[in-house]
Amino acid sequence: MDRRTFMKLGGAVAAAGMTGACGQAAQKIIPYAIPPNDGVNPVEGWFYSTTCRMCDAGCGIMVRTVEGRAKKVEGNPDHPINRGGVCARGQAAVQQYYHPERLKTALKRTGAKGNNSFTPIPIDEALNLLAERMKTARGKGSFVIASDANDVTSAIAWKILGVLGSTDFAVPALNGREKHVRSMAFAKGLGTLPYYDISQLGFLLLLGADILESGFSPVHYAGAYGEMRRGNPVRRGRMVYVGRRMSMTAASADRFIAANPGSLGFLSMGLSHEVFRIAGDNGLLKKIPVSLKEKWKSALGDYTPQMVMEKTAVPAKVITGLARELLEQMPSQAIPGDDVVCHSNGVDSLNAAAFLNALLKQIARDGNLLKKPDLPEEDISFYLRMKGFIGVPEASHDYAVFRKILRQSAKGQTALGMIIDANPVHTAPRSLKTAEALAKTGFLACFSSFLNDTTRFADVVIPAAHFLESWSAQIGDYPVGLPVLSTIQPVVKPAVGVIQTGDALIQAASKAGIKLDVKNQEEVVKSLVKRFRPEMYSIPRKLDANGVWEYCLRNGGWWPEPDKSKLSPRYVPPVQMPAVEKIKIANPKYAGGKDYGFNLHLYKTVNMGYGEAVNLPWLLEMPEPMTTLSWDSWVEINPKTAVKLGIDNGDVLKIESPFGSVEAPAFIYPGIAPNTVAMPFGWGHESFGRHASGRGANPMALLGDFPAENSDEPAWRAVKVKIGKTGKKRKMVREGNPEGEYEAEVFQL
Amino acid sequence: MTLKSFNDKHDNDYHWAMVIDLDCCDGCGACTIACQAENNVPTVGEERAYDKRTMSWLRIERYFEGEWPNLRVVFLPMLCQQCDKAPCEPVCPVFATYHNPEGLNVMVYNRCIGTRFCGNNCPFGVRKFNWFKNRWEEPLEQQLNPDISVREKGVMEKCTFCMQRIRRGKDHAKDEGREVRDGEIIPACAQTCPTKAITFGNIRDSKSKVAELAKSKRRHHLLEEHGLETHVIYLKGGE
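Protein chains in written order, with the working numbering: chain A, 1 to 749; chain B, 750 to 988.
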């Protein structure tokens with residue numbers, strides 16, 4: 001059975017799922033002079049199920065293709081991660097696929113590293129060069145830096161890295177992941193990311209958590225948010241946001257509460273204190289042993305509303321009020337986000353939020369306050385076993401591994417480096433000197449679809465196939481209460497001159513005499529499906545291996561029934577209470593002394609993220625939802641501060657931290673605290689095609705090596721800056737005006 | 750036949766309408782890019798975007814109220830409201846924009862001579878004029894949707910409620926000798942919406958989801974006092 005046959009099957013079923021039975025009618029009307037043999041359907045097109053790789057969340061998508069060309073991305077309504085939704089970046093996947101600047105040949109460096117001087121060579125020759133290095137690199141230091149550790153490509157890279165005698169596989173990102181995982185280990189003994197089921201909540205407290213724009217899966221949480229609001233006809237979930245900036249998520253909340261930076265750990269403890277007190281007064285803690293209660297009481301004793309008010313600047317009355325709401329509108333939950341994680345006291349603050357959640361859950365369960373039966377605790381064993389198949393350990397997300405790679409490379413102790421679809425020169429703090437370290441790597445191979453900041457330092461660039469023309473599979477990055485295996489299949493015939501990264505790695509390895517038991521990336525996906533076939537209970541038993549494979553491709557992968565009540569056995573373990581006595585919240589520390597008067601608030605926007613897709617005109621021209629700015633980056637400043645300093649919209653400001661400085665135009669924004677300035681990530685590429693190069697400012701220049709306690713990831717919101725006018729002025733492309741109204745006054749609050 | 754009597758005809762089985770729940774909308778803008786991908790809407794570049802020459806048929810408006818920290822924000826997806834008493838229609842000298850029997854304001858691109866009277870009369874600012882010849886650099890033109898045309902310079906364009914999808918849905922229904930089922934036709938914006946804030950359907954079918962949602966107490970229309978009889982119905986956010 002050839003690939004086309006699979007794809008046709010995928011198309012027929014997916015299309016039927018979308019609009020009833022389409023496909024046949026048009027074929028009846030339009031006769032072919034020469035009948036096609038590959039299932040071309042000129043009007044309707046086919047829908048192919050695959051998985052979006054524009055970020056790591058792994059949403060299931062169906063791509064409409066007409067006459068062999070990818071036209072449009074639609075969400076897969078059955079996929080448990082996105083349930084039919086797709087974000088702006090996912091929609092732009094087709095533009096990325098047809099981007100005029102995509103690499104269509106391998107490149108070999110001709111000039112000095114960093115000069116961007118390359119000469120085109122055949123892919124085979126590039127793989128020969130890589131193979132030569134693989135032969136000699138054994139035991140002499142090698143590393144992989146990738147953008148994802150949960151897919152089949154990383155599984156192949158990990159295997160080869162093992163043969164080369166190294167475990168230095170890094171997935172660096174400033175998203176607090178390593179701290180979240182550590183906190184989960186503390187709170188529940190699980191080594192994974194946390195998952196919050198918000199769809200049924202009565203009250204949701206967001207502690208600086210921008211779940212709808214920059215969390216680990218914005219589309220998933222957006223779907224759950226919609227359900228929380230209006231999924232239940234009789235009750236609407238309420239949402240309160242505490243933080244420093246009116247983000248897109250905060251704008252969706254019913255109430256916004258401003259708090260001091262780095263103080264949300266105190267707030268979590270203060271809320272636990274009040275919840276514990278109020279619940280005790282109302283007899284809701286009767287089932288909890290007295291000894292445990294005594295322990296909690298002494299651990300929480302210091303965090304009175306008065307003390308927490310001093311730390312957070314949230315009035316004591318508001319804290320008590322929030323605690324009451326958390327208790328009255330059960331089920332309720334708090335989600336800690338970037339404002340909690342990315343300060344120097346991040347891990348302890350996360351633990352404090354975890355304790356608050358456990359306490360709320362315990363009270364809800366004991367008091368029978370849950371209207372619906374409680375959900376079972378996350379069953380992550382299947383997820384962990386699938387991750388075990390991929391092989392890359394969770395530790396690859398630790399910043400320590402990335403730092404180790406840079407340290408060794410800078411000393412010239414690395415013979416071979418491979419960078420897979422990542423751009424660490426752009427996305428890591430400048431002070432880590434990533435570029436300098438990569439320049440000293442013995443041999444650097446970049447697998448990339450575009451030339452970017454990092455490929456400048458490559459010895460050879462291998463033109464990676466786009467995910468719309470690749471075979472792969474991804475294990476849903478965090479268990480959404482379900483184990484998820486998402487398959488990726490080519491939706492169009494692969495372009496000439498590109499190669500799937502996994503295939504390139506396997507071919508180079510075999511040339512280097514490294515024996516792997518697989519021939520290509522597709523086979524690894526097949527073996528992954530085969531290996532876990534016995535556990536995929538919802539696939540009909542009678543299907544043979546081919547049938548199962550087709551089932552997975554047609555559906556975009558495998559996951560259990562989304563209805564959790566069907567998960568068996570229905571075992572509800574007792575709530576694990578984190579050891580609250582071990583949580584001590586320290587005052588936040590900052591880089592930058594008295595001269596630096598402003599807190600720097602860095603954030604990801606919904607369309608740009610860390611800047612992986614900033615070269616796509618669709619996303620560049622899309623107004624960022626809160627500022628309505630497009631085509632350039634900016635620095636947000638409070639209107640009152642702007643008046644005090646005589647700053648107007650478009651005045652180019654110099655933002656200076658103890659580690660570096662950048663220039664960006666000012667944008668007067670009412671949703672930012674007066675002593676804070678905010679900047680988006682993702683802009684300021686030095687080399688990323690003609691749309692992105694030199695556009696905007698990269699705030700990574702402002703970040704220093706200021707590690708938080710218990711973590712190697714820099715505390716990237718614990719930096720203070722000073723701002724000054726440069727005298728320059730820049731035009732800003734803005735859809736609306738800063739006070740909110742548009743060209744037409746059609747709406748009143 | 751006056752325009753009014755034409756508008757008041759109620760002999761069609763379909764009248765398309767959209768309900769947008771502002772309580773669910775989180776302003777993420779996925780709909781704007783989905784619309785762009787589906788409808789061959791071009792990007793214009795930084796210089797022209799600065800001159801407000803962007804072509805997007807759908808935009809997210811956001812409104813601020815108050816001062817730090819007592820702020821309120823509302824998002825509002827703004828697209829052609831498909832008014833039954835549309836201010837854009839009577840001013841077109843060549844009937845390039847007219848009201849079709851299914852309640853849509855339709856643009857006939859071939860008739861448009863670019864007077865831009867319609868754009869001037871639209872209170873929502875959702876009509877977009879092609880000031881320039883649009884170019885798709887190779888191979889970007891391969892992404893273009895074959896179901897609809899690429900508009901020429903000098904032509905006005907706007908949201909069509911994804912006319913091509915309505916057409917396709919009706920064709921299928923006709924082939925099978927039935928009415929269009931509720932939920933069978935989904936415009937690109939509604940299909941991609943991560944929060945499921947957008948619902949589309951036939952408001953003349955009393956059992957359809959839009960008809961159901963339109964009964965909500967939270968229902969309101971934009972510029973209702975002008976009597977435009979818009980067919981995008983917003984459901985108010987908040988408690």
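Keep in mind the hints are simulated off the structure, nothing from the lab.
Keep in mind it's a predicted model, so treat the numbers as computed, not measured.
Careful: at least some of the hints might be erroneous.
Stated by the list, open to error - In silico EDC-like pairs for lysine to aspartate or glutamate, Cα to Cα no more than 16 Å straight-line:
| # | chain 1 | residue 1 | chain 2 | residue 2 |
| --- | --- | --- | --- | --- |
| 1 | A | LYS404 | A | GLU656 |
| 2 | B | LYS985 | A | ASP705 |
| 3 | A | LYS731 | B | GLU816 |
| 4 | A | LYS640 | B | GLU795 |
| 5 | A | LYS104 | B | GLU887 |
| 6 | A | LYS731 | B | GLU795 |
Claimed, not checked - Partner residues are not named here, just some residues of chain A that face chain B (Cβ under 7 Å, in silico):
| # | residue |
| --- | --- |
| 7 | CYS87 |
| 8 | ALA222 |
| 9 | TYR225 |
| 10 | GLY226 |
| 11 | ARG255 |
| 12 | PHE256 |
Think of the CB as a built atom: it goes at the ideal place given N, C-alpha and C, for glycine as much as any other residue.
Supplied contact hint for A/TYR225, tested at 7 Å Cβ to chain B:
holds, 6 Å
For the pair supplied as a hint, A/LYS731 and B/GLU816, is the alpha-carbon distance within the 16 Å limit?
violated, 26 Å
Holds or violated: are the alpha carbons of A/LYS404 and A/GLU656 at most 16 Å from each other?
violated, 28 Å
Hint check: is the beta carbon of A/GLY226 less than 7 Å from a beta carbon of chain B?
OK, holds: A/GLY226 within 7 Å of chain B, min 3 Å.
Between the alpha carbons of A/LYS104 and B/GLU887, is the straight-line distance 16 Å or under?
Roughly 14 Å separates the two Cα atoms, so the pair holds.
Measure nothing beyond the straight line between the CA atoms of A/LYS640 and B/GLU795; if it is 16 Å or shorter, mark the hint as holding.
Judged against 16 Å, a Cα distance of about 29 Å means the pair is violated.
With chain B as the partner, please determine if A/CYS87 meets the hint condition of a C-beta pair closer than 7 Å.
Given a least distance of 5 Å, the restraint on A/CYS87 holds.
Should the hint that A/PHE256 touches chain B count as held when the rule is a Cβ pair under 7 Å?
Nearest chain B Cβ about 6 Å off; hint holds.
Hint check: A/LYS731 vs B/GLU795, CA-CA at most 16 Å. Holds or violated?
With Cα atoms ~10 Å apart, A/LYS731 and B/GLU795 stay inside 16 Å; holds.
Under the criterion that the straight-line Cα-Cα distance not exceed 16 Å, is the pair B/LYS985, A/ASP705 satisfied?
violated, 47 Å
Would the hint on A/ALA222 stand, with a C-beta cut-off of 7 Å toward chain B?
Hint on A/ALA222: holds, closest Cβ of chain B at ~4 Å, below 7 Å.
Hinted contact A/ARG255 with chain B - closest CB pair below 7 Å:
Violated: closest Cβ of chain B sits about 9 Å from A/ARG255, beyond 7 Å.
In this structure, the hints that do not hold are numbers 1, 2, 3, 4 and 11, in rising order.
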